[in-house]
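Visitor: Chains as they are written, first to last, in our numbering: chain B, 1 to 206; chain L, 207 to 705.
A hint or two may mislead.
Unchecked claim - Covered by chain L, per the in silico footprint, the following chain B stretches (three or more residues, Cβ under 8 Å):
1) 107-114
2) 136-144
3) 158-172
Said to hold, decoys possible - Selected chain B positions facing chain L (in silico; Cβ < 10 Å):
4) 79
5) 80
6) 103
7) 132
8) 147
9) 148
10) 149
11) 180
It should be emphasised that the hints constitute simulated quantities derived from the structure, not laboratory data. Every residue gets a Cβ at the ideal spot worked out from N, C-alpha and C, and that includes glycine.
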Amino acid sequence: MSQGTLTTGISTMLQKLSELFSARRAPAGYRPGVTLEHLRRNLGLASFEQTEPTVARASLGDGSLQLEIVERTESQLLMHLVMTEFVIRVPASTEGTASFDLHHSGAVRRTGICCRQRAGDVALLAVLQAKLQEDRALYQALMPLDFKRLRIDLDGRQWCVRLEHMGGSEVVNRMPAFRRYIALSREQRDWLLQSLSVLQRVLRTL
Amino acid sequence: MSINDRLTEHLNRGTVGFPTAFASTIGLIMASPVILTATMGFGIGGSAFAMAMLIAVVMMLAQATTFAEAASILPTTGSVYDYINCGMGRFFAITGTLSAYLIVHVFAGTAETILSGVMALVNFEHLNTLAESAGGSWLLGVGFVVVFGVLNAFGVSAFGRAEIILTFGMWTTLMVFGVLGLIAAPAVKLDGWFGESMVGTDLMTILSLVGMAMFMFVGCEFVTPLAPDLRNSAKAMPKAMILGLLSVATCMFIYGAAMKRQVENVLLDTASGVHLLDTPMAIPKFAEQVMGDIGPMWLGIGFLFAGAATINTLMAGVPRILYGMAVDGALPKVFTYLHPRFKTPLLCILVVMLIPCLHALYLGGNADHIMPLVLAAVCAWSFAYLLVTLSVVILRIRRPDLPRAYRSPFFPLPQIASSIGILLGMWFITPPGMNPADIYVPFAVMLGGTAVYALFWTLVVQKVNPFKPASVEEVLAKEFSNEPGHPNNGYIDHAAKTV
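Isolated chain L (complex conformation):
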């Protein structure tokens, strides 16, 4: 059977349908930093932030068509790694993949650790007062990490069936609160749907808010690794991404408009210029305004479970991966140590516990550090997006013969639009009042470290040309060889990607 026939057969098969792919694209909305970003964005930018969101949506839709084409050429579980590897070679593939997932995790994971406690407790006034007097509500997030780390060390698994409830629950919660907030009589007199901008409405200001707005939509590419498992993926994949983005945008627009209508953005601190909507305190105010006493409790419980489940996933999965890498020799042998009784990789669990906890402790759990962390994560994500777009363009030019079950329409306009948008977003990423060095320096340090590692790994360990693109046929053949029933007699083939 030719590679074309196998690819067509592969794309039409699959074990999951459109609803799963759709759920994956909107899954990110439940993350606490996204909701805080929306609250802050609408708080400082008002209508200017709404405009920045529109620009971000258009950019991300253009980017989604690129990802969909890449997934139709290479429906592999390696996803981003394989796209960049076939377009630009292993050096960029390793750098881009680590940038997209690991660096993002270092920044956004720490933000989630700090915020999961803050966002949950801020909705329970008495508990919050108690937590603040004990050192800060952010310590609850650190507590989650420690508790779930210890539970996993004892081999206890939690939140087994929570996925569907949490993914749709959070989206539904925000929609319900948003719609009720719009229907209810306004508590604030507003000019327009989103109110006036506190930082101006000129083009430069709007561009400086695009980076923040992008954070609400990045992650739609997470659905692309589902391509091999998705029935009729050439059609279902782009549909899921586009509908997912529009759903998130709709939800956030409604939430933002309702928040501005119901919560007065009062000045909390004249010295620093901090307003209520710049802080997580705005969320219980909004919930109470919309739904009375039950509102903050509903949101608080939602954030509590969502934060706990996200952290538990981290504690259950990553240590096992580190253990696997140590078994393969990619990490020191000491990481293969298992507890005698529970057979859990204790050292790996400890490392995974320490990274976000120490990072959060280093930052002192200060909520002021959240936005620079989020924006540094956006930079890392944007960098990986640029590499994927470049790879898809390179493959169109170099390999026009490749079978493409889905082709990005109006090529190369979406690619040009998304790349220009991303570059502008990165250039103007610092919102008014923030120090650019707080965003660019940690991002540059992490990216530089990743690039050095990628160069060392390809040149010294793998001993390959780091800039030679991989053959699409070879990558596909390797992916197809992992399917059940396909003969392959290698002993250990390192079938899985290291990242």
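Chain B with its partners taken away, still in its complex shape:
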């Protein structure tokens, strides 16, 4: 065997091993789009189009809210979770860079909404926090919403909201073998769409 063939062979093997253990590798048994399809039925939106195997675009009947829904996976031993993330993009009135995480406050019961700045312009935090306190519609929609993660990013002249809900996810177990979809209930669906709509309105004026 020539040195070149050996080098190519080792390189291919290393690449395959890298792919095998890569964090981007989809978990075994993952079926792209299946969880999105369950979610489509939960959302019951007139417009819902799957643009890629793991991405869908949807909008409210009157077109007032356009959203993108993306599947993401999390691997465990002989099991994986499939979560869905709701993404809206809103034009910003000012240019800048910032990143915020929103979560509920409280030890046992939800007592309010907290905003934590991850990066960017500090002045924006105070403005966003003020809006969260003042806007009753936003507060009322976010408080009962079972969101696991809510991230708001400003990148140039565009806001991007990423919201991951507890529902609309799936547990795929291989030992013992079963899969279970965690439904997005009707109430949670209403709070979710209302939250995203109000966030869109608030961010446009920020």
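Using the hints, position chain L against chain B.
Guide: Only chain L this time, still in chain B's reference frame:
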């Protein structure tokens, strides 16, 4: 498109290949109770246990062809539930599914909780002495459950990429230790490969060891729910199961022969008759004999990670499922409670933490209780296997017209062989020196409870005939309707199975 065309198209598609299916069938070997069962089995039975293993392999191969046929008729994610539902109706489907997965989990999960700590620490002498003086090394397993429960309560995920490393790592470890143990000069003078049996070699004794031997191979059916995701599943599925079973059998034969060659089965307690190979202590002895000081450390670290990852999977998945069932109304609303900050289902996590911990505490972490637990789990598994076999036979007779991408060869011989073997295995499940009541009573209580629940659920809640088989076409249509791009306008269709 006809249901036949759709089924053919469905079976030829898929996102995973043969290697994944194969890995799934050998995944179970990493479970600590399997390795302890092999050590004990070869310790007490020697060549008789090897014979029992051969019987178990043949039985499981016959059973594998049944599962493969069922998966080719119904390549659904519901798997066992759907096979039995179409063959015998919902009552048996619920009872069989809960028996196969939930009851097995109650018994085998507790065994794993107790053993994961014992098997890991027994390889580190000083740590083990320290743990024993503090109450017992089994508490490490309980500690794993608590730690991973708390981590999951804070939304922390661990062992994200460990699956492939652990699945193949444990198989490779056992093979390496086994082969080295066979190559090395024997420390024990043996008659034959596996040594003499301490309990006799007559047919009845061999049959009484088949139940233990079966535990090393049950679980091959876990690959069947992969059917919808597996490319060319009609061929890949049976191939994966057969090769998986043979790989596990080869590994265990080599491990057993090497263990008997390298570890003297000395009597530890004359009063109870406990020998070294009846205890987890035999494993570090073997590892040290084969590989010196590095051996017990290698095995200890392997068992530590495997046990921790298995328990973490339990803590990450099951609470979310309970939460989903509560959202659907199958469990009380209180289970939908989420922590305000981390959005984790705290009550569900607590319940999942408490079940194996309390069961292990109730048993006092006593390793003597492990084998009855394992054998009760085998009974539960065997019962579900019988129901699946019956369903496949019923479907062959009642619906010969159904498209079958894979047909079990020599029907009904494999089904008769596996059913007789399973019934004999259940009948003679008590190994010499063990009280049958310790196995049958907990199994009967759990099975009875499951059957009562299944009857109540079908008659009172679902208000359906519990014994009316479901239509194969309807089950398939429901499965296909979940595929992306298929129009379905129902709001909430409860697409997933409850189990």
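Visitor: For the segment 158-172 of chain B, do at least 3 residues have a Cβ located nearer than 8 Å to some Cβ of chain L?
Guide: holds (count 5)
Visitor: With a Cβ-Cβ cutoff of 8 Å, does the segment 107-114 of chain B contain at least three residues near chain L?
Guide: holds (count 5)
Visitor: Does the nearest C-beta of chain L fall within a distance shorter than 10 Å of the C-beta of residue 80 of chain B?
Guide: Since the shortest Cβ distance to chain L is 9 Å, the answer is holds.
Visitor: Minimum Cβ distance from residue 132 of chain B to chain L below 10 Å?
Guide: violated (15 Å)
Visitor: Can you verify the interface hint for residue 103 of chain B: is its Cβ closer than 10 Å to any Cβ in chain L?
Guide: holds (6 Å)
Visitor: Against chain L, with CB atoms and a cut of 10 Å, does the hint on residue 79 of chain B hold up?
Guide: holds (5 Å)
Visitor: Are there three or more residues in the segment 136-144 of chain B whose C-beta lies within less than 8 Å of some C-beta in chain L?
Guide: violated (count 0)
Visitor: Regarding the hint that residue 149 of chain B lies at the interface with chain L, is the smallest CB-CB distance below 10 Å?
Guide: holds (8 Å)
Visitor: Go through the hint on residue 148 of chain B and say holds or violated, using the shortest Cβ distance to chain L against 10 Å.
Guide: holds (4 Å)
Visitor: Would the hint on residue 147 of chain B be counted as holding, given a Cβ-Cβ threshold of 10 Å to chain L?
Guide: Given a least distance of 7 Å, the restraint on residue 147 of chain B holds.
Visitor: Minimum Cβ distance from residue 180 of chain B to chain L below 10 Å?
Guide: This hint holds: residue 180 of chain B lies near chain L, its Cβ roughly 5 Å from the closest one there, short of 10 Å.
In terms of the numbered hints stated before, the structure departs from hints 2 and 7, listed from lowest to highest.
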